[in-house]
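Those sequence lines, one after another, are chains G and H.
Quick note on the numbering used here: the first sequence kicks off at 1 and runs consecutively.
Quick note on the numbering used here: the second sequence kicks off at 1 and runs consecutively.
Don't take each hint at face value.
[As the list claims (entries may be wrong)] No more than 30 Å apart at the CA atoms, straight line, and that leaves these computed lysine-lysine pairs for BS3-like:
| hint | chain 1 | residue 1 | chain 2 | residue 2 |
| --- | --- | --- | --- | --- |
| 1 | H | 2 | G | 33 |
| 2 | G | 33 | H | 59 |
| 3 | H | 133 | G | 62 |
| 4 | H | 133 | G | 63 |
| 5 | H | 133 | H | 59 |
| 6 | H | 58 | G | 62 |
| 7 | H | 61 | G | 63 |
| 8 | G | 63 | G | 33 |
| 9 | H | 61 | G | 100 |
| 10 | G | 33 | G | 62 |
| 11 | H | 59 | H | 2 |
| 12 | G | 100 | H | 2 |
| 13 | H | 61 | H | 133 |
| 14 | G | 100 | H | 59 |
| 15 | H | 133 | G | 33 |
| 16 | G | 63 | H | 59 |
| 17 | H | 2 | G | 62 |
| 18 | H | 61 | G | 62 |
| 19 | H | 2 | G | 63 |
In case anyone wonders, no lab produced these hints; they're calculated from the structure.
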Amino acid sequence: MEQLIDWMSQPWPWYVAGPLISLTMILLLFVGKSFGVSDTLRTTCAIGGGSRVSDFFDFDWKKQVWNLVFVLGAVLGGFIASTWLQQPDPIPLAQDTVVKLQELGIRNAGENYLPTEIFSWESLLTLRGFVVLVLGGFLIGFGARYAGGCTSGHAISGLSNLQLPSLIAVIGFFIGGLLMTYLLLPVILTL
Amino acid sequence: MKYLSYLSIGTLFGIIMTKSQAISWFRIYEMFRFDAFHMYGIIGSAVTLGAISVYLIKKFKLRTTAGDPITFTPKNRSIPRYLFGGIIFGLGWSLTGACPGPMYTLIGGGFSVILVVLFSAILGTLAYGMLRKRLPH
Chain G
1 MEQLIDWMSQ
11 PWPWYVAGPL
21 ISLTMILLLF
31 VGKSFGVSDT
41 LRTTCAIGGG
51 SRVSDFFDFD
61 WKKQVWNLVF
71 VLGAVLGGFI
81 ASTWLQQPDP
91 IPLAQDTVVK
101 LQELGIRNAG
111 ENYLPTEIFS
121 WESLLTLRGF
131 VVLVLGGFLI
141 GFGARYAGGC
151 TSGHAISGLS
161 NLQLPSLIAV
171 IGFFIGGLLM
181 TYLLLPVILT
191 L
Chain H
1 MKYLSYLSIG
11 TLFGIIMTKS
21 QAISWFRIYE
31 MFRFDAFHMY
41 GIIGSAVTLG
51 AISVYLIKKF
61 KLRTTAGDPI
71 TFTPKNRSIP
81 RYLFGGIIFG
91 LGWSLTGACP
101 GPMYTLIGGG
111 FSVILVVLFS
121 AILGTLAYGM
131 LRKRLPH
């Protein structure tokens with residue numbers, strides 16, 4: 001058992017993780033559901049009385065409770081993995097990435113899952129932290145609903161079903177991602 | 001019992017996302033800089049196996065555990081909503097380094113400040129709902 005836990009505690013390579021993500025999608029299909037995490041944000045709006053401001057939130061949210069249970073599992077999985085399956089070593093990032101981040105003032109790249117300089121409650125009071133955490137989150141929620149899905153709904157479920165709209169959405173994800181990474185992030189990170 | 005299955009599949013997902021480091025801001029930054037194959041390998045192999053599975057499910061008309069047909073809803077044909085929505089999502093994804101799945105998993109992993117990102121994402125969803133009729137779709 002201990003050996004199994006030791007083995008599972010190593011970082012999982014892409015060829016283990018990728019197939020397991022498709023397994024997640026397939027398991028959901030076999031219990032009659034479709035994989036799409038950002039739907040839970042809309043459901044939360046509906047439960048909170050969002051139908052008062054838009055008929056977009058006027059739907060039978062009780063049929064979406066399963067997805068809230070699914071993401072509760074994702075929270076639990078995060079807790080289990082970081083409590084009992086924690087790897088001892090930093091994330092083996094590409095050297096170019098580490099060097100570039102040092103130039104932008106992000107030290108210790110890969111020692112944690114997130115750059116702790118930005119992802120902390122203290123940082124929320126700085127302009128840089130506010131932009132990353134608050135504006136970033138807002139764009140994710142707005143964009144995911146506008147595009148009708150996020151990485152799980154479009155990049156995984158949609159592309160697996162060979163949906164052209166999902167391909168357009170994924171191309172959009174990359175246009176936005178590249179604009180941010182090359183043009184905006186160097187400015188935001190040095191705010 | 002049904003809910004237990006959703007919970008366990010979600011738990012599996014959270015463990016995969018953590019152990020593959022797909023929840024890491026650094027991995028997303030590295031991906032958008034094309035510095036490593038890791039994230040492309042994850043998404044590429046997930047989609048390849050996913051496409052084969054969906055093809056087989058359709059070909060053999062497989063059914064759910066409850067005995068119902070497995071159905072796929074085709075997405076509406078259009079360009080603006082997917083392109084513009086996608087770009088906005090991509091800006092947010094690369095800024096926070098987390099898409100909605102990893103947000104939940106990071107919160108479970110003890111990064112409580114991600115609750116702020118999640119709350120902002122809910123506000124973003126609400127804002128979309130209010131502006132929806134004025135946006136090109």
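*Would the pair residue 133/H and residue 59/H pass a check requiring their Cα atoms to be no farther apart than 30 Å?*
39 Å, violated
_Pair hint outcome, residue 63/G versus residue 59/H [Cα-Cα no greater than 30 Å]_ = 28 Å, holds
*asked:* Checking one constraint from the list: CA of residue 133/H to CA of residue 63/G, max 30 Å. Satisfied?
replied: Cα-Cα ~25 Å, so holds.
*Would the pair residue 63/G and residue 33/G pass a check requiring their Cα atoms to be no farther apart than 30 Å?*
11 Å, holds
*Satisfaction of hint between residue 100/G and residue 61/H, Cα-Cα up to 30 Å*: Status violated; Cα separation ~50 Å.
*Holds or violated: residue 61/H to residue 62/G, with C-alpha atoms at most 30 Å apart*: 28 Å, holds
*Please work out if residue 100/G and residue 2/H have their alpha carbons no farther apart than 30 Å.*
With a Cα-Cα distance of about 47 Å, the restraint between residue 100/G and residue 2/H is violated, given a limit of 30 Å.
*asked:* Next pair to validate is residue 59/H with residue 2/H; report whether the Cα-Cα distance is within 30 Å.
replied: Holds: residue 59/H and residue 2/H sit about 26 Å apart, inside 30 Å.
_With the threshold set at 30 Å, check whether the alpha-carbon distance from residue 33/G to residue 62/G stays at or below it._
Given pair residue 33/G, residue 62/G holds - Cα atoms ~14 Å apart, limit 30 Å.
*Hinted pair residue 2/H and residue 33/G, Cα distance within 30 Å*: Distance ~11 Å between residue 2/H and residue 33/G Cα, so the pair holds.
_Proposed proximity, residue 59/H with residue 100/G (alpha carbon, max 30 Å)_ = 48 Å, violated
*residue 133/H paired with residue 62/G [C-alpha distance capped at 30 Å]*: The hint holds at about 25 Å.
Hint violations for this structure: numbers 5, 9, 12, 13 and 14, all remaining hints satisfied.
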